[in-house]
Every structure is written in structure tokens, then in C-alpha cells.
Amino acid sequence: MRLLSRSDQETETAMLDEADDLDSQQDGTDDQPPVVDEKRRRRPKLATVLVAVAILLSGVLLAASGYMLWFHRQTDHEQQRRAEFAAAASQAAVTLMSIDSATAQDNVRQIIDNSTGQFKDDIQSSAEDLVKAAQDSKATTKATVRASAVQSMDADSAVVLVSSATTVSNSAGPNQQPRNWRLSVTMVRDGEQIKMSKVEFVP
Amino acid sequence: MSATTAEVDIESASDEESTVEEPKVDNADSMGSEEAGADEGPEPTESLTRRIARRWRPIAAVGVLLASAGAAAGLYFGMYRIDHGSAGASTVVIDAASEGSVALLSYAPDSLDQDIAGARSHLTGEFLDYYSEFAQKFVVPAAKQKDIHATASVVRAAPINVESDTAQVLVFLNQATTSRDNPEPVQAASAVKVGLAKVDGNWLISSFDPI
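Protein chains in written order, with my numbering: chain A, 747 to 949; chain B, 15 to 225.
By construction, these hints were calculated from the structure, which means they are not laboratory data.
Take these hints with a grain of salt, some might be off.
Simulated restraints on C-beta separations [what the hints assert, rightly or not]:
(1) B:S146 <-> A:E938: 33 to 43 Å
(2) A:G812 <-> B:S146: 24 to 34 Å
(3) A:E946 <-> B:E113: 21 to 31 Å
(4) B:S104 <-> A:P924: 24 to 34 Å
(5) A:R819 <-> B:D124: 52 to 62 Å
(6) A:Q923 <-> B:R194: 25 to 35 Å
(7) B:S104 <-> A:P949: 23 to 33 Å
(8) A:E824 <-> B:D143: 32 to 42 Å
(9) B:P199 <-> A:E830: 36 to 46 Å
(10) B:S135 <-> A:D900: 34 to 44 Å
(11) A:E824 <-> B:D214: 24 to 34 Å
Ideal placement from N, C-alpha and C gives every residue a C-beta, glycine not left out.
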């Protein structure tokens, strides 16, 4: 079209220019300054600047929103992992400290199932003695967890403080005064499960 | 004229075909408003929609801007401040719980007033009232009569949960006590669930439950 407008017919160039101008205005570009009206020229220019600023600001705000959503997911995820480790440690502590002389064999097997690493080896090697001692005691120990809190945590392990109480009942005396325990338990993710890898009685 | 115009005519004709009516109508409209103000009268609604249609870009941009500003503000005040507050608070909360617990359980007859004032400065709410009364009724007379020296230390502490302005911390405490009758220190181990509340930017103990 532009090549054509360079033809010597003046009227036609004018017509073509006008057509071109209208087109370009609809496209939002104003490379062809119209001769007639200055107001019409200036308005889209201001609008263009404002539109650009608005788009830029929107971009920044959306990026900030994205970051906040990511941060929220991150904290959510961490809280969930915290809760998971705390719950697993509580469960492991109850399993570890609840022993019934009648089901000692099962109890010890459960403890081994819930353990991993060095702790598992230790329990395994002394399993027979443990079962025998429990059977001889003719007592039932029930453990409850009063509180648990994650002290430190990394990708797949955590150190959890557990406060628990045990009550022993045997044939001679019924329920005795509960005894309180302070434990520091190291939990490690082992495949799907979270298992106990270290137990420390806090003096 | 013949050759070029023919070409132009064909081109413009095809142009018009592709964008059917819009350019034509627009042309007519702009010409009308520029040339004669009398044209504004008959159809004001149409000219308004037309003006909006012509400025859809800035309108859309402002719309997007307002929407993203609204989203960002909503996320910030509804979510991020709380997330950020609780994420950074953990260590501060543990320190506050530990220091407060030690202050609460450490005292000596010679410095009772100071010790109790120090402990009170870590407390808030009903527990502050409870402790103040308890200290005056039991701790002060007992400490003076029996010459009790108590020293507490924190063995371990970990957060049970931390919200933006409340928290619970599990604290393992040891307290060594000597008295005139028992000059050898007696060790007492305890686990305490310490509740805290954020008051004027400071974490203060609002409950203290040995478990």
C-alpha cells in the first residue's frame, strides 16, 4: 500500500494515508502522525503509557502474589511434616513403653517394626531377653504421651521431644502412681513409614 | 490512474470484506462527531458503548491492575503476614519460654523481691495474677523460713505449635533446690507445657502446666 501511495496522484495518496491512519489507530500504533487533529493524536499516546504502566504493575503484583502463594505452600508443607513427625514419635514412644507380659512377643516385634538403623539392631539383638523379662514381670505397662514437639527437622529426619507417662499394673497391686518420662526421639523417614532410629531418656 | 487504482480498489475491497462492517461504521462515526455536534443527539447509548469499545485497552489494563492489586492485598493480609509471622517466631518463642521458665523457678531468700519482679516481667494475663498471689502467699514465706535456694535450668525445649500471636512450647526443666534442712541440692525434673501470647511485640507466658 505504501508503495502505491507514492504514485503521483495527490488525491489518492491523501485518501490512502487517511485509510492507513485509521488502521494504525485501531492497532494502537501511532507511527503515522495525522496532520489534522492533535487531540486525537495525544490521547492514545497517554493511554498507551498508562496501559504499559498498568501492565507492568500488574505483572509485579502477580509475581508478588505468586511468591506469597509459594511461601504459604511451603509453610503449610513444613507444618504438615512437623505434625507428621510429632505424631509418629508419639506413636513410637507409646509402642516402645507399653508392654504387656501376655503379649510381650508381639510388643517387641512391633517395636522392631517401628524402628530403623542402630536402634533396630540393638533391640533385635536383645529381643529375646526383653521378651523374657516382660513375661517374667507378669505386669502390664501402659504408656500415654502428654506432649510431643519437634525440636529440629531436616528433609527426612527429626528430633522430637516427647513427654510421656507410664502406669504399671500387676496381679499384686492394681494401678500405681504414673511415672513420667522425658524422651528425645530421633525419627527417620524409611520409605513410606517414619521410624524410630534413636531414643534418649533426658536426665 | 487506471492500473494503480484498480489495484487499490481490489485491495480495499478485500480489506472491507475481511473486517466486514467495523471499519466502515467507525469511519462514519468519527466523521460525524468531528464534523457536526448535532449527530451526538440521536443515539447517546450507542456512542457510549462505542467509546468504551474504542478504549477497551486502557479499561482492560485498569481492570487487570485492580484485580491483581486486590489479589496481592488479599493474599498479603489474609495469608502472608500470618505465615511469615509464625515462620520466624519459633526461635523467639522458644527463648521467651525458656527464659521465663527459668525466671519463674529460680529464687533465693536474699533476692526474693528482685526474683519475683523479674519473673513477673515474663508473664501476662490471668497467669500473672495467679503467680503474683502464689508468690506472695507461698514462695516468699517458704523461701525465707526454710532458706530455700532454687535454681532452674532448661535441658531441652521445642515448639508444640506457633501461631502469629499465640504459641505453646514443651520445656524440659531441671530444678535444683537447697534448704536449711537439706543443704544437699535436690534435683527435680519436669516437663512443662508453656503457653505464650504476644503482647505489644513481646512473647509472654500466659500458662505454665507441668505435665
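Cross-check of the supplied hints:
1. B:S146 <-> A:E938: 33 to 43 Å: Hint violated: Cβ distance 52 Å, outside 33 to 43 Å.
2. A:G812 <-> B:S146: 24 to 34 Å: violated, 50 Å
3. A:E946 <-> B:E113: 21 to 31 Å: holds, 24 Å
4. B:S104 <-> A:P924: 24 to 34 Å: holds, 31 Å
5. A:R819 <-> B:D124: 52 to 62 Å: holds, 55 Å
6. A:Q923 <-> B:R194: 25 to 35 Å: Once the Cβ atoms are compared, 29 Å apart, the range 25 to 35 Å for R194 of chain B and Q923 of chain A holds.
7. B:S104 <-> A:P949: 23 to 33 Å: holds, 25 Å
8. A:E824 <-> B:D143: 32 to 42 Å: holds, 36 Å
9. B:P199 <-> A:E830: 36 to 46 Å: holds, 40 Å
10. B:S135 <-> A:D900: 34 to 44 Å: About 36 Å separates the Cβ atoms of S135 of chain B and D900 of chain A, which means 34 to 44 Å holds.
11. A:E824 <-> B:D214: 24 to 34 Å: holds, 28 Å
In this structure, the hints that do not hold are numbers 1, 2, in rising order.
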